[in-house]
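*Asks:* Sequence:
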Amino acid sequence: MSTDQVKDEAGFKLYAAKLQQEAAQRGYPKPLLDQVFASLSFHPRAVVADKGQPEFVETLDTYLPKRVSKQRIDMARQMYQQHRAELARVEKKYGVPARFIVSLWGLESAFGRITGNFSVPSALATMAYDGRREDFFKTEFFLALDILSEGHIELAQMKGSWAGAMGHTQFMPSSFMKYAQDGDGDGHKDIWTNRSDAFASIANYLKIEGWQPGLTWGRQVQLPKNFDYSLVIPTGSKDRAQWLQWWQKSERSLAAWQKLGVRTADGKTLPKRAVNAALVMPDNKDGRAYLAYHNYQTLMHWNRSYYFVSSVGYLADLIDNG
Numbered sequence: 001m002s003t004d005q006v007k008d009e010a011g012f013k014l015y016a017a018k019l020q021q022e023a024a025q026r027g028y029p030k031p032l033l034d035q036v037f038a039s040l041s042f043h044p045r046a047v048v049a050d051k052g053q054p055e056f057v058e059t060l061d062t063y064l065p066k067r068v069s070k071q072r073i074d075m076a077r078q079m080y081q082q083h084r085a086e087l088a089r090v091e092k093k094y095g096v097p098a099r100f101i102v103s104l105w106g107l108e109s110a111f112g113r114i115t116g117n118f119s120v121p122s123a124l125a126t127m128a129y130d131g132r133r134e135d136f137f138k139t140e141f142f143l144a145l146d147i148l149s150e151g152h153i154e155l156a157q158m159k160g161s162w163a164g165a166m167g168h169t170q171f172m173p174s175s176f177m178k179y180a181q182d183g184d185g186d187g188h189k190d191i192w193t194n195r196s197d198a199f200a201s202i203a204n205y206l207k208i209e210g211w212q213p214g215l216t217w218g219r220q221v222q223l224p225k226n227f228d229y230s231l232v233i234p235t236g237s238k239d240r241a242q243w244l245q246w247w248q249k250s251e252r253s254l255a256a257w258q259k260l261g262v263r264t265a266d267g268k269t270l271p272k273r274a275v276n277a278a279l280v281m282p283d284n285k286d287g288r289a290y291l292a293y294h295n296y297q298t299l300m301h302w303n304r305s306y307y308f309v310s311s312v313g314y315l316a317d318l319i320d321n322g
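Residue numbers for the sequence shown follow full-length UniProt numbering, beginning at 1 and rising by one.
Just so you know, the hints here were simulated from the structure itself, not pulled from any lab data.
Backbone N, C-alpha and C fix where the C-beta goes; we use that ideal spot for every residue, glycine too.
Worth double-checking, as some hints may not be accurate.
Cross-link-like lysine to aspartate or glutamate pairs, in silico, EDC-like; alpha carbons within 16 Å at most [to be verified]:
1) K207 to E91
2) K178 to D146
3) K18 to D135
4) K259 to D228
5) K285 to E58
6) K70 to D320
7) K18 to E134
8) K30 to D146
9) K225 to D286
10) K249 to D228
11) K93 to D184
12) K93 to D182
13) K13 to D34
14) K178 to E150
15) K92 to D184
16) K138 to E22
17) K285 to D228
18) K18 to D34
19) K70 to D317
20) K7 to E134
21) K30 to E150
22) K285 to D61
23) K178 to E209
With beta-carbon atoms standing in for the labels, derived distance ranges [claimed, not checked]:
24) R304 to Q81: 25 to 33 Å
25) P213 to A24: 44 to 52 Å
26) A256 to Q81: 33 to 41 Å
27) L215 to G267: 18 to 26 Å
28) E134 to R45: 14 to 22 Å
My request is simple: use the sequences and hints to build the entire structure.
*Replies:* Put into structure tokens, the structure is as follows:
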């Protein structure tokens, strides 16, 4: 579909009618389709938001204080304590530390308080109609129908962001289908209103994507003068596969980094552990340097953004230091 034609309500209705025909051909129950397609509405704000996502014009030093504010740190520590027993059970089952579950929960949805108020089917249909990534959003739309047909949530409660990210975890429907869990055994995977399901789903995501128990995410480090910056993973990878290739070129043992003059953030020797790490500099030579452990890769699978992963790890570390 061409993306340069004017997108309006009338065009959306025509697009939705074709979408309904395709959904019927796929065999979805007629009552479900009648309900969902009667509810669909065009969200021009979503199209504007998609086209107008701001470019990063800030550095990690300006980003972190905003994303990991004192209020968010205090709230994260409070939630960590308040739900400690439940988090401990989830940590034991999935092998993912509770502090990372709370950190992701806090950064994705402000601990379930800001989950988006768009109807997910309407948001996804709007984004598909917009046409910039039609195949992607059509696939997500049909997966949203799968979630509804399986009875995990009622249509009225299926709310999310303008792009269709849902609930406490801000999962797209494809992530829901792969990672969502029934944390309390009630037969539903409800990441919208059920905190137990949200905790288990976050932990399951990290476990499936290779979280290594007993290992943290990384650490900020100091680099020596005249350091060889070709050892740093470049920024601006086109996809995860390229980024992982760059990771392999950078990765070496902590002992090897120690020999190269790398030290902890406060200038001390690196830990004497048989652990490999790659070197990440989100703002290139002008900013902070991190030795990234294997679990950094897992967090980058959640969101391939150095700034996002730095904020997750930073908040998780501060939760433990409360």
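*Asks:* Any hints from earlier that this structure breaks? Give me their numbers in increasing order, please.
*Replies:* none
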